[in-house]
Amino acid sequence: MGSPADRYKSGVMPYAKMGYWDADYSPKDTDVIALFRITPQDGVDPIEAAAAVAGESSTATWTVVWTDRLTACELYRAKAFRVDPVPGSPGQYFSYIAYDLDLFEEGSIANLTASIIGNVFGFKPLKALRLEDMRIPVAYLKTFQGPPTGIVVERERLDKFGRPLLGATTKPKLGLSSKNYGRVVYEALKGGLDFVKDDENINSQPFMHWRDRFLYCMEAVNKASAATGEVKGHYLNVTAGTMEDMYERAEFAKELGSVIIMIDLVIGYTAIQSMGKWARRNDMVLHLHRAGHGTYTRQKNHGVSFRVIAKWMRMAGVDHIHAGTVVGKLEGDPNVIKGIYSVCRDSFTKKNLEQGVFFDQDWASLRKMMPVASGGIHAGQMHQLITYLGEDVVLQFGGGTIGHPMGIQAGATANRVALEVMIKARNEGRDIWNEGPQILADAAKWCSPLKAALDTWKDVTFNYASTDTADFVPTATPS
Amino acid sequence: MRITQGTFSFLPDLTDAEIRAQVDYALAQGWAISVEYTDDPHPRNFYWEMWGNPMFDLRDGAGALMEIQACRKAHSKLYIRVNAFDSTRGFETTRLSFIVNRPADEPGFSLKRQEGPGRNVIYTIESYATVAPEGRRYES
Chain A
5 MGSPADRYKS
15 GVMPYAKMGY
25 WDADYSPKDT
35 DVIALFRITP
45 QDGVDPIEAA
55 AAVAGESSTA
65 TWTVVWTDRL
75 TACELYRAKA
85 FRVDPVPGSP
95 GQYFSYIAYD
105 LDLFEEGSIA
115 NLTASIIGNV
125 FGFKPLKALR
135 LEDMRIPVAY
145 LKTFQGPPTG
155 IVVERERLDK
165 FGRPLLGATT
175 KPKLGLSSKN
185 YGRVVYEALK
195 GGLDFVKDDE
205 NINSQPFMHW
215 RDRFLYCMEA
225 VNKASAATGE
235 VKGHYLNVTA
245 GTMEDMYERA
255 EFAKELGSVI
265 IMIDLVIGYT
275 AIQSMGKWAR
285 RNDMVLHLHR
295 AGHGTYTRQK
305 NHGVSFRVIA
315 KWMRMAGVDH
325 IHAGTVVGKL
335 EGDPNVIKGI
345 YSVCRDSFTK
355 KNLEQGVFFD
365 QDWASLRKMM
375 PVASGGIHAG
385 QMHQLITYLG
395 EDVVLQFGGG
405 TIGHPMGIQA
415 GATANRVALE
425 VMIKARNEGR
435 DIWNEGPQIL
445 ADAAKWCSPL
455 KAALDTWKDV
465 TFNYASTDTA
475 DFVPTATPS
Chain B
497 MRITQGTFSF
507 LPDLTDAEIR
517 AQVDYALAQG
527 WAISVEYTDD
537 PHPRNFYWEM
547 WGNPMFDLRD
557 GAGALMEIQA
567 CRKAHSKLYI
577 RVNAFDSTRG
587 FETTRLSFIV
597 NRPADEPGFS
607 LKRQEGPGRN
617 VIYTIESYAT
627 VAPEGRRYES
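Chains A and B supply the protein sequences, listed in that same order. All residue numbers for the first sequence refer to this note's numbering, where the first residue is 5 and numbers rise by one. All residue numbers for the second sequence refer to this note's numbering, where the first residue is 497 and numbers rise by one.
Bound-form chain A, shown alone (with noise of 0.2 Å):
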């Protein structure tokens, strides 16, 4: 680099010659480290193209300033330390960038993600951009609340041990009446379901003003928990245009005695973090929808992809968040998905390249969020669901309850059936993933919901090619 005075001559200066690069560097224990996906323009040098994104998401303006020098500016400049091809993607690298703690606020998603996905998404050398993962430290985390709720504590405040819980979401999902979205809740809860969803645009309309849907829909909650001995929820969707409009629903839901409340993740990063706040404050499990990631977690080469969003949402504080289904109608790769889920439900995620996980994670005893797996998913589908997702999950048929030709009630308890007999069926020892169609079958003779359930839905499937996959597949390794 020569010495101080060739380096802040002023003028237009290589990123990596201002020190945005340093192969040699060894990310501390205590360093944000982003991976990202870069596509330069023809002509840039991948390096340098690495050292501009570390440049221009830490310190680094086009040209040089003097008054860097006012500061511990090494300590400051983010830096690239490691460039690599993308496997079978021609053009594409992925580079490793390190952050010093220093550059970010406690506690603040929008701080982080200001740095990180700020100017630099918009910057003129790269075609594209893409997110892939960040490593977040321990001393980073601590200064997050985290999920309000979490696991643990949702299962045992709910007393639902050891299946997934059920769902789904009120269907049409506008322009229905209080009192007729109130009667769909009454059935699904009544039928079996744990919680039924007000979907992500279900807020204010002319047609249902919230305190009205709110008060019928307790009234559908306490009646099914009466009829079933069971803790029932329903998520009720407080997003709103203001803060103090989210305050006021979400105060009016806690004095109606709803277990959850529910946003949207369009509301923002800081706006989310408010409502992490206020549902520990007050008890209450939260819901988020992730209403408008698709916009930019879906294309494999620009954007955020979904698991780094899943981290931030753990820390700013969620307790439910949909992260896929595998086998439903929206986009998701198995294995991606499976790093997602471990993303949200891991003490310690491990490194796997395969799910798309760059970074082991400790989670520092962060709370756990619990994922929905919601979208064109039916009770035919229960062994794979369960195979793929595991146990803790809200599994939510939407269509699937509402659907059901012999009504609400037995759409539920078709799901309900089907979900308890699977489980059994597992812990048993059984092969659920080959014996899965038998075992619905043998349950659908004593369960005729189940049966008009299997008949009605048998050959619905959405195998489309997903778009967000993970570059590195496994490889034989010689025994």
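Keep in mind that the hints are not guaranteed to be accurate.
Under the rule of at most 27 Å between Cα atoms (straight-line distance), these lysine-lysine pairs were calculated in the DSSO-like manner [what the hints assert, rightly or not]:
no., chain 1, residue 1, chain 2, residue 2
1, A, Lys-128, A, Lys-258
2, A, Lys-21, A, Lys-128
3, B, Lys-608, A, Lys-164
4, A, Lys-164, A, Lys-281
5, A, Lys-183, B, Lys-608
6, A, Lys-175, A, Lys-462
7, A, Lys-354, A, Lys-146
8, B, Lys-573, A, Lys-164
9, A, Lys-13, A, Lys-128
10, A, Lys-455, A, Lys-333
11, B, Lys-608, A, Lys-227
12, A, Lys-164, A, Lys-258
13, A, Lys-175, A, Lys-333
14, A, Lys-258, B, Lys-608
Simulated from the structure, these hints should not be mistaken for lab results.
Got chain A sorted already, so can you dock chain B onto it with the hints?
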């Protein structure tokens, strides 16, 4: 009505062989079996009476089944559940919990509604059985 608390309440009542299979599964995970009973099945009655301590040192399914049967013999008319407790860090909680005995007649719950401010309703769920004092419920 049929109270549907527990992991397998939507299935026909489990036979002893089926209970044994679930117990064996739990033991294979390293979980501890415990047996609890109650005459107050309110959904928020978290503390059922303990049939002894959780059996942390018992690794034999047959032994656990004997405890379940002994509890059943003593409390044949009450609700009995089997829990499996996982003491692993990050869990330290119940991992499986299912009912293995229930009263022949389950009267269920009343839902009381108290008019609150505005259109608010304060709900109270009460078991018809708990109208009688503890120890004198489910006697018929």
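message: Hints numbered earlier in the text: which of these fail when held up against the supplied structure?
response: Number 1 - this is the single hint that the structure violates.
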